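Asks: Those protein sequences? They're chains A and B, same order as listed.
Under this note's numbering, think of the first position of the first sequence as 148, with each following residue one higher.
Under this note's numbering, think of the first position of the second sequence as 372, with each following residue one higher.
These aren't lab readings, by the way, just hints derived from the structure by calculation.
For clarity, every value in this text was computed on a predicted model and none was experimentally measured.
Every residue gets a Cβ at the ideal spot worked out from N, C-alpha and C, and that includes glycine.
Only true hints are included.
A short, non-exhaustive set of chain B residues, derived as facing chain A with CB atoms under 10 Å:
1. L557
2. I562
3. D563
4. L565
5. L569
6. E570
7. P580
8. Y605
9. Q608
10. L609
11. M614
12. L618
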Amino acid sequence: MIMKLGGKAAELARNDRSTALVSKIAGAEVRQNDFADVREIAVDEIRPDPNQARKLQVSVAVLQNPEAATEPELRRKIDAILGMAESFKTAGQRQPIEVYAEGAHFVLVAGERRWWAAKVAAMLTIWAKVLPEKPSRLRLIQYVENAHREGLSTKESMQAIFEVMQESAALGEQVSSFTQLKNVTGLPKTSASRWWSIISGPEEVRVAIRDEVITGLVAAEELSKIPDVAERAKLLAEFAIAEREGGAKVILDARARRAAHATSTKAKRSRGRPKKYPLAPRPTSMLLGSYLSGCWGGCPATSILMMHGFSLRKSRKQ
Amino acid sequence: MTEPTDLKVLVVAQQKGGVGKTTISKMLAVFGSRDDLVNKRVLLIDLDYQASLSKLVLQMDYSPEKGTLPPVHPEYVEADDPDWNGRSSSADIFFDGNCVPYPVTFPYPVERLMILPAYKSKLQEVEEQDRTRLREKVHNRLLEFLSLEEVRQSFDLIIVDTGPKESPLVRTALRAATHLIVPLTLETQCIDGLVEMLELWQMERRTRPTTRQLTLAGLVINRYDARYSIHQAYLSQLSGDPMISPLLASTVLPQRASVAERDSRAAVPGTLFDLPKSQDIREKAIELCADIFGKIFPNEAASFKKLQPDRKYISIVERQLLEHSGAAEIPVEESKS
Numbered sequence: 148m149i150m151k152l153g154g155k156a157a158e159l160a161r162n163d164r165s166t167a168l169v170s171k172i173a174g175a176e177v178r179q180n181d182f183a184d185v186r187e188i189a190v191d192e193i194r195p196d197p198n199q200a201r202k203l204q205v206s207v208a209v210l211q212n213p214e215a216a217t218e219p220e221l222r223r224k225i226d227a228i229l230g231m232a233e234s235f236k237t238a239g240q241r242q243p244i245e246v247y248a249e250g251a252h253f254v255l256v257a258g259e260r261r262w263w264a265a266k267v268a269a270m271l272t273i274w275a276k277v278l279p280e281k282p283s284r285l286r287l288i289q290y291v292e293n294a295h296r297e298g299l300s301t302k303e304s305m306q307a308i309f310e311v312m313q314e315s316a317a318l319g320e321q322v323s324s325f326t327q328l329k330n331v332t333g334l335p336k337t338s339a340s341r342w343w344s345i346i347s348g349p350e351e352v353r354v355a356i357r358d359e360v361i362t363g364l365v366a367a368e369e370l371s372k373i374p375d376v377a378e379r380a381k382l383l384a385e386f387a388i389a390e391r392e393g394g395a396k397v398i399l400d401a402r403a404r405r406a407a408h409a410t411s412t413k414a415k416r417s418r419g420r421p422k423k424y425p426l427a428p429r430p431t432s433m434l435l436g437s438y439l440s441g442c443w444g445g446c447p448a449t450s451i452l453m454m455h456g457f458s459l460r461k462s463r464k465q
Numbered sequence: 372m373t374e375p376t377d378l379k380v381l382v383v384a385q386q387k388g389g390v391g392k393t394t395i396s397k398m399l400a401v402f403g404s405r406d407d408l409v410n411k412r413v414l415l416i417d418l419d420y421q422a423s424l425s426k427l428v429l430q431m432d433y434s435p436e437k438g439t440l441p442p443v444h445p446e447y448v449e450a451d452d453p454d455w456n457g458r459s460s461s462a463d464i465f466f467d468g469n470c471v472p473y474p475v476t477f478p479y480p481v482e483r484l485m486i487l488p489a490y491k492s493k494l495q496e497v498e499e500q501d502r503t504r505l506r507e508k509v510h511n512r513l514l515e516f517l518s519l520e521e522v523r524q525s526f527d528l529i530i531v532d533t534g535p536k537e538s539p540l541v542r543t544a545l546r547a548a549t550h551l552i553v554p555l556t557l558e559t560q561c562i563d564g565l566v567e568m569l570e571l572w573q574m575e576r577r578t579r580p581t582t583r584q585l586t587l588a589g590l591v592i593n594r595y596d597a598r599y600s601i602h603q604a605y606l607s608q609l610s611g612d613p614m615i616s617p618l619l620a621s622t623v624l625p626q627r628a629s630v631a632e633r634d635s636r637a638a639v640p641g642t643l644f645d646l647p648k649s650q651d652i653r654e655k656a657i658e659l660c661a662d663i664f665g666k667i668f669p670n671e672a673a674s675f676k677k678l679q680p681d682r683k684y685i686s687i688v689e690r691q692l693l694e695h696s697g698a699a700e701i702p703v704e705e706s707k708s
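Just chain A, same shape as in the assembly (with noise of 0.2 Å):
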């Protein structure tokens, strides 16, 4: 209960806010830090998550065989983390990896490429985020973790994406929009929008990202907008074929882009500015524009302005 005091020096009291900043940092709700605990953990107590979206399909073998490896991919995988491997022996590791517990050992969040790299390195422990648990996103922490990192395959994107709106809809939280899709990934507008075309289209490109006869994001972006079947069914046909005999697969990305833009509705192509909008260079003429643009029944502000004997630059330099 506030007691009702008299005075000057009650009335100071009062009028000091001090005591109002003082309540609101007491009650600030404190985000505790669950990353907090970094420490030394030993390399093999760390078991990588086997439900990863993304498959590193490095073994010690391999990483200690790195010219038997052909596949270009892999190989390009195998020099980065033995390359990490050398950067930690001269400058060590500046980044801890994310494990949680479970049972005796650990399973890995995020760092696995820095993990092998600590193998090959032959480091006896790593700086490691322990969390208490699994965490409840686990698989949107290991999507943004490879999004960000060490690109995804758009197959592995497409698997990842698919778990995280699982994990979400586990959560209570149903993705059924693209604004639901960009909230809940965190994926930037543009890619976010070109995974919802891809989710929400037709069941055979999905199929084709997943048997890798489409690698790239734009192309089974615009073959999930071609409305027609036969049309989409022939160029992915193409797709196929380009994919056993490799290459000339950037032509059938632009041919599906094409084709998506030709059988897409003129409504739907016109991009960029609206060409209607009001002109509003000075108060006056705004005030002018947009009251004739009313009495006009919706005429372009510019062409009325115009009409009465301004010109848009005069008026603009005015």
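On the provided structure of chain A, position chain B as indicated by the hints.
Replies: Relative to the frame of chain A, chain B by itself:
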């Protein structure tokens, strides 16, 4: 690095000076260590280079170049320890880490109470590091020191007294703390200081893992004078606020001359607990200490509430007075009650 789990670290901090940090630290240390009271093994650490707490409980030395410095340790034997000059201070935590706590002398020796006193010039040196070195060598250093097995085995409670202003030493103390006390007086500047202190507390809390929390054991209102309407107004504002009132210590310490007198080594009796029962500050001090210790050791909170000091601790000055007057017994007023 293992972190102290059983060892409690209580930090007394407030950026505004003169609010009673040192007085409250000493009061809590005596209450916590006396065998008729809480009876824990307590180590005081003075991180204020003004060394006001150290001067209160030890006979400190002074040199014109180095300012106040700790005396030669009573157990120091030069022949046994040729590498050590016999002085030890809280600043050693930040240097070689070889610290030898001193038994407290004033107002009376308490068996389970030790202090690491301040060493003015060395503590200043600790603060005058560049940012990188501060982060690496200072901010976590006290926590590391208090995590040492030897320290954890030797004490149950560490009480850290800090200096005014937001200094790296306050940060290092907060980093190591398990509990925090913020004394305040009901004046505008002090409530301003409280804003920043609480910001610091929240900031520290945000960096903590869930397993190692920092508890605010209380905002202790000190030197309350009911005759001042501004005190009344602030008190009603603070205790009427739903966010602040849970943080306030249950007892408000009133403004009393006997508190200031206890800051003199010649004071008789030596602590507030030894005052006659007729003085209300005695009861308030006991209540406040029991409340705070209850928050630090929640399992024993109920037993702390029943504690009553007996009058067997007699300050050195008082003993001399008694011996001089030839009286064999303790003062008359206490035995009457």
